[in-house]
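> Here's the letter readout for the chains.
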Amino acid sequence: EDQVTQSPEALRLQEGESSSLNCSYTVSGLRGLFWYRQDPGKGPEFLFTLYSAGEEKEKERLKATLTKKESFLHITAPKPEDSATYLCAVQARGGSYIPTFGRGTSLIVHP
Amino acid sequence: GAVVSQHPSRVICKSGTSVKIECRSLDFQATTMFWYRQFPKQSLMLMATSNEGSKATYEQGVEKDKFLINHASLTLSTLTVTSAHPEDSSFYICSARLTENIQYFGAGTRLSVL
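Sequence order for the protein chains is V and D.
So in this note's numbering, spot 96 of the first sequence is number 96, and the numbers just go up one at a time.
So in this note's numbering, spot 73 of the second sequence is number 73, and the numbers just go up one at a time.
Treat the hints with caution; some may be incorrect.
[Stated by the list, open to error] Taking beta-carbon pairs under 10 Å as the criterion, some of the chain D residues facing chain V (in silico):
no., residue
1, Ile12
2, Cys13
3, Lys14
4, Ser18
5, Met45
6, Asn70
7, Ala72
8, Leu74
9, Thr78
10, Tyr104
[As the list claims (entries may be wrong)] Restraint-style ranges between C-beta atoms, simulated for each label pair:
no., chain 1, residue 1, chain 2, residue 2, range
11, D, Gly16, V, Thr26, 39 to 45 Å
12, V, His110, D, Arg110, 40 to 46 Å
13, D, Arg10, V, Thr67, 25 to 31 Å
14, D, Gly53, V, Arg93, 39 to 45 Å
15, D, Ser18, V, Ile108, 18 to 24 Å
16, V, Pro40, D, Val3, 18 to 24 Å
17, D, Thr80, V, Thr67, 40 to 46 Å
18, V, Gln14, D, Glu63, 42 to 48 Å
19, V, Gly29, D, Pro40, 29 to 35 Å
20, D, Leu68, V, Ser7, 22 to 28 Å
21, D, Thr31, V, Arg93, 17 to 23 Å
22, V, His110, D, Thr31, 25 to 31 Å
If you're looking for bench data, these hints aren't it; they were derived computationally from the structure.
Quick reminder that beta carbons are idealized off the backbone N, C-alpha and C, glycines included.
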């Protein structure tokens, strides 16, 4: 059974204080790992897809990296508008390609 | 990115009534859409996969007679919560699959059953 564990559950940062969110996964052959941002009362917004170990993707202050067991979402010099819940999901090879989601990390960035 | 419209965003209803939620893909055709339920501080729980022109595939433990799904066209799927009860109160989110790797989410519907 595919599993996704995100840590920490919640993270409070001061504006400008860089940090990383972790997504550990077990899957029977990784097809893709996804990061989403979810604002309160809204649906998830797609950020990145990573396909193979060593791959990195960046968008503004966010950088996602992938190893064979985990992915990190690095946030550099965060701003209050980066406050949100960040969800990680994995998609296994074969089968229905339906991704399995983690519980997310709730990030609050204080001004 | 692609846009998925979900309506209504919020609904309050009396116990025993039925509620319909619409999910539309606005700029692409989606043969597959998904319906999720999300509890506070919990992850997205897949309820069912909606397939255009055929019956939905429900996840284990999800009552198909309770949560009726219709995917009548390539841009529209509906979820009807029948005879809603307070325990059905939750945040429901739909998504539309663009490719095998990419799905776009609606903004969600907050259902409150009194």
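> For every hint, state whether the structure bears it out.
So, going through the hints one by one against the coordinates:
1. Annotation: interface hint on isoleucine 12(D) violated; nearest CB of chain V at approximately 15 Å, more than 10 Å.
2. A hinted interface residue such as cysteine 13(D) counts as satisfied when its beta carbon comes closer than 10 Å to some beta carbon of chain V; here the least separation is about 18 Å, so the hint is violated.
3. Interface hint status for lysine 14(D): violated, as the beta-carbon distance to the closest one in chain V is roughly 22 Å, over 10 Å.
4. About 23 Å separates the beta-carbon of serine 18(D) from the nearest beta-carbon of chain V, more than 10 Å, and the hint is not met.
5. Below 10 Å, beta-carbon pairs count as interface contacts, and methionine 45(D) has one with chain V at about 8 Å; its hint therefore holds.
6. Checking asparagine 70(D) against chain V by beta carbon gives a least distance of about 20 Å; that is not within 10 Å, so the hint is violated.
7. Checking alanine 72(D) against chain V by beta carbon gives a least distance of about 22 Å; that is not within 10 Å, so the hint is violated.
8. The restraint placing leucine 74(D) at the interface with chain V is violated, with a minimum CB-CB distance near 19 Å, outside the 10 Å limit.
9. The closest approach between the C-beta of threonine 78(D) and any C-beta of chain V is roughly 17 Å, which is over the 10 Å cut-off, so the hint fails.
10. Taking 10 Å as the C-beta cut-off, the interface hint given for tyrosine 104(D) holds, the closest approach to chain V being about 7 Å.
11. Our hint of 39 to 45 Å for glycine 16(D) and threonine 26(V) holds, since their Cβ atoms are close to 43 Å apart.
12. The supplied range of 40 to 46 Å is broken by histidine 110(V) and arginine 110(D), whose beta-carbon atoms lie about 27 Å from each other.
13. Judged by the Cβ atoms, the range 25 to 31 Å given for arginine 10(D) and threonine 67(V) is violated: they are separated by roughly 40 Å.
14. For glycine 53(D) paired with arginine 93(V), a C-beta distance near 27 Å fails the hint of 39 to 45 Å.
15. For the hinted restraint 18 to 24 Å between serine 18(D) and isoleucine 108(V), the CB-CB distance of approximately 38 Å leaves it violated.
16. Between proline 40(V) and valine 3(D) the CB atoms are about 20 Å apart, so this pair conforms to the stated range of 18 to 24 Å.
17. Look at threonine 80(D) against threonine 67(V): about 43 Å separates their beta carbons, and that is inside 40 to 46 Å.
18. At roughly 46 Å, the beta-carbon separation of glutamine 14(V) and glutamate 63(D) lies within the given 42 to 48 Å, and the hint holds.
19. Take glycine 29(V) and proline 40(D): their Cβ atoms lie about 33 Å apart, and the range 29 to 35 Å holds.
20. Between leucine 68(D) and serine 7(V) the beta carbon distance is about 38 Å. The supplied range of 22 to 28 Å is therefore violated.
21. At about 21 Å, the beta-carbon gap between threonine 31(D) and arginine 93(V) stays in the expected band of 17 to 23 Å.
22. Restraint check, histidine 110(V) to threonine 31(D): a C-beta distance of roughly 44 Å breaks the suggested window 25 to 31 Å.
Consistency note: the structure conflicts with the earlier hints numbered 1, 2, 3, 4, 6, 7, 8, 9, 12, 13, 14, 15, 20, 22.
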